[in-house]
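Colleague: Chain B: place on chain A using the hints.
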Amino acid sequence: MALGIGKLLNLWKTPPPSPGAARRAPSDKHSGKGFLVFHNTGEVLRAERLLRNAGLAVEVKGPPAQLRTGCDMVIVFDVLFEPVARRLLQKEHLDPLAAVPVSDPLLEPVSLFNTTDYGEWFMVRAANMKITVEKRTGTIVNVSGGGCPDVPWLAARLSGRRLDDAEEPCIRGQTLCAYALHKAFVEARRIWREGV
Amino acid sequence: MSWIICGSVPEEGFPLSLGTWRMEGEQLRADGTMLLPHGGTLSDLPVQRGTPALIAATLQVCQSLNLPRPLALLTGDTGNGAGSLALYAFLSGWLATTSQAIAGMTFHYLFPNVDGHNRILLSVRAYAEKHTAPTLVADAGFMYAAKMSGYADEYDLFTPDAGELAFLADENAPHPFYTRGFLLDSGIAPKELAQRAHAHGNCARTLLIKGAVDNVAEDGMLVASIDSPNVPYMEPIGGTGDLVTGTVTGLLMAGLPMHQACIAAAKTNRLAGALASPTPATQVSELIPFLPEALLQALADFSV
Chain A
57 MALGIGKLLN LWKTPPPSPG AARRAPSDKH SGKGFLVFHN TGEVLRAERL LRNAGLAVEV
117 KGPPAQLRTG CDMVIVFDVL FEPVARRLLQ KEHLDPLAAV PVSDPLLEPV SLFNTTDYGE
177 WFMVRAANMK ITVEKRTGTI VNVSGGGCPD VPWLAARLSG RRLDDAEEPC IRGQTLCAYA
237 LHKAFVEARR IWREGV
Chain B
422 MSWIICGSVP EEGFPLSLGT WRMEGEQLRA DGTMLLPHGG TLSDLPVQRG TPALIAATLQ
482 VCQSLNLPRP LALLTGDTGN GAGSLALYAF LSGWLATTSQ AIAGMTFHYL FPNVDGHNRI
542 LLSVRAYAEK HTAPTLVADA GFMYAAKMSG YADEYDLFTP DAGELAFLAD ENAPHPFYTR
602 GFLLDSGIAP KELAQRAHAH GNCARTLLIK GAVDNVAEDG MLVASIDSPN VPYMEPIGGT
662 GDLVTGTVTG LLMAGLPMHQ ACIAAAKTNR LAGALASPTP ATQVSELIPF LPEALLQALA
722 DFSV
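If you read the sequences in order, they're chains A and B.
Numbering-wise, the first sequence is residues 57 to 252 according to the working numbering.
Numbering-wise, the second sequence is residues 422 to 725 according to the working numbering.
Just chain A, with the same shape it has in the complex (with noise of 0.2 Å):
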């Protein structure tokens, strides 16, 4: 994905992985948060499942309007921790663009959810991306929504599998709308274990 990379560089120029990078960045006083950039949305997904696995305490968010291209996320985290992130990424091949502080407030992603009961199934909406659950089974129906192209692949690979069997939309996932649905998926996983 061409991101714009040059314009980025020019914008903030990254220094290396190095144990001074803790204390650096007297702008970072303001809230002690940065966020990652990375080439695509799809190594964003890899780094955020990595990075809160390691217990690191990490959000997902939307970069500022000079980094936008179409379909990008950032991660958050906490400055102090950059070395550690950084070692982890590194032992998974994950290599960020940049490291940069943030200093205005970036776009917060969807974080309601729509259920409609619908008798014998269940329908959770995240954002633009809807799952459908067969109460008794668990078993996922359908897939509707969104516009990105890994929907239809995801939504294939989903469909007629069990909510306690099939893989997380985020691990293959690579665009937001994958990410939307993964907060769907997880959201139904919930109310369906919970007895609906």
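Calculated directly from the structure, the hints in this document are not laboratory data.
The beta carbon of each residue, even a glycine, is placed where N, CA and C say it ideally should be.
One thing to keep in mind: the hints can contain errors.
Have a look at the derived ranges for each label pair, beta carbon to beta carbon [claimed, not checked]:
#  : chain 1 : residue 1 : chain 2 : residue 2 : range
1  : A       : Lys-191   : B       : Pro-467   : 40 to 48 Å
2  : B       : Ala-524   : A       : Asp-151   : 43 to 51 Å
3  : B       : Thr-518   : A       : Glu-176   : 48 to 56 Å
4  : B       : Ser-646   : A       : Asp-173   : 23 to 31 Å
5  : B       : Gly-602   : A       : Asp-173   : 19 to 27 Å
6  : A       : Asp-151   : B       : Arg-443   : 40 to 48 Å
7  : A       : Thr-171   : B       : Asp-465   : 32 to 40 Å
8  : B       : Ala-547   : A       : Thr-171   : 46 to 54 Å
9  : A       : Glu-176   : B       : Pro-467   : 21 to 29 Å
10 : A       : Gly-88    : B       : Glu-592   : 26 to 34 Å
11 : A       : Val-140   : B       : Ala-524   : 52 to 60 Å
12 : A       : His-149   : B       : Pro-713   : 49 to 57 Å
Modeller: Quick look at chain B alone, frame taken from chain A:
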């Protein structure tokens, strides 16, 4: 005059191709001469959801109304965007050199990339100066890119669902994933969202808004609502929106005015749902056989 449908196929190795397709059972099969700019071999396409479902619906309209089939410009893309970027590059070059008369273009499941979008829009403008301006329809990922580019108002038709309408109405959101909650889930009426999207230049001149009630908006004003037959189980079925966009594409190919084409397409989809008696587990491929009968009913109701 031809119509071009541009979209993706969820297969990594599917080659960039330009040509016509026909229905063969529940699959699409390449028909006639295919342009394969980068080589490769085409396989049959299952009609499940996405652009193949859109094409299948358009083909049903073409067959019912005895129209020539549309051209399809397809690329394989499973989400990394490489296939879509190849399509953007090819199309912008092809438009600069083709002598083909193009009545319209429908853009669908493509990786939203503003640079790619803008290259195509510039090529369309240049084409329109030499020939005639094609009707521009956008849905799904390409609609997202069109909105983010700031040039959404150069399009003739967008076909969002209710959630995507909230995204169009949110002047700050670059993707539906970032739509602010006060627009997405607060029950704001489609009328207000359409006005807001139009006021910020973030939508096409006409919106066909797909939902429990389908609405048509022109220049930000609701001009029609279609609410019957009411088949609530249509919403969970993946691909029903693709059928609506495919149907309206076919009706525009037939020369229906935009307003009539939108109403008839929404009505057709609802009637197909009523004829199929679906459940939330029904697949979109099960609805497609009902489209021809639904279309005839819709057009009869509409006195077209």
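Colleague: Go ahead and decide if the range 46 to 54 Å is satisfied by the Cβ distance of Ala-547/B to Thr-171/A.
Modeller: The hint (46 to 54 Å, Cβ to Cβ) holds, given that Ala-547/B and Thr-171/A are roughly 48 Å apart.
Colleague: Is 21 to 29 Å respected by the C-beta to C-beta distance linking Glu-176/A and Pro-467/B?
Modeller: holds, 26 Å
Colleague: In this structure, is the beta-carbon distance linking Ser-646/B and Asp-173/A contained in 23 to 31 Å?
Modeller: holds, 25 Å
Colleague: Tell me if the beta carbons of Thr-518/B and Glu-176/A are separated by a distance inside 48 to 56 Å.
Modeller: Holds: the Cβ-Cβ distance is about 55 Å, inside 48 to 56 Å.
Colleague: Given the hint of 40 to 48 Å, check if Asp-151/A and Arg-443/B actually sit that far apart at their C-beta atoms.
Modeller: For Arg-443/B against Asp-151/A, whose Cβ atoms are near 46 Å apart, the range 40 to 48 Å holds.
Colleague: Given a hinted range of 40 to 48 Å, is it respected by the beta-carbon distance of Lys-191/A and Pro-467/B?
Modeller: Given about 28 Å between the Cβ atoms, the range is violated.
Colleague: Can you tell me whether the CB distance of Gly-88/A to Glu-592/B sits inside 26 to 34 Å?
Modeller: holds, 30 Å
Colleague: Starting from the range 32 to 40 Å, see whether the pair Thr-171/A and Asp-465/B falls in it by beta-carbon distance.
Modeller: holds, 37 Å
Colleague: Just to be sure I understand the hint, the distance between the Cβ atoms of His-149/A and Pro-713/B should be within 49 to 57 Å; is that true here?
Modeller: holds, 52 Å
Colleague: Holds or violated: the 19 to 27 Å window for the beta-carbon distance between Gly-602/B and Asp-173/A?
Modeller: Between Gly-602/B and Asp-173/A, where Cβ atoms are some 22 Å apart, the hint holds.
Colleague: Using the C-beta atoms of Val-140/A and Ala-524/B, is the stated range 52 to 60 Å upheld?
Modeller: Since Val-140/A and Ala-524/B have Cβ atoms about 58 Å apart, the given range 52 to 60 Å holds.
Colleague: Regarding Ala-524/B and Asp-151/A, is the given constraint of 43 to 51 Å on their beta-carbon distance met?
Modeller: Holds: the Cβ-Cβ distance is about 47 Å, inside 43 to 51 Å.
In this structure, the one hint that does not hold is number 1.
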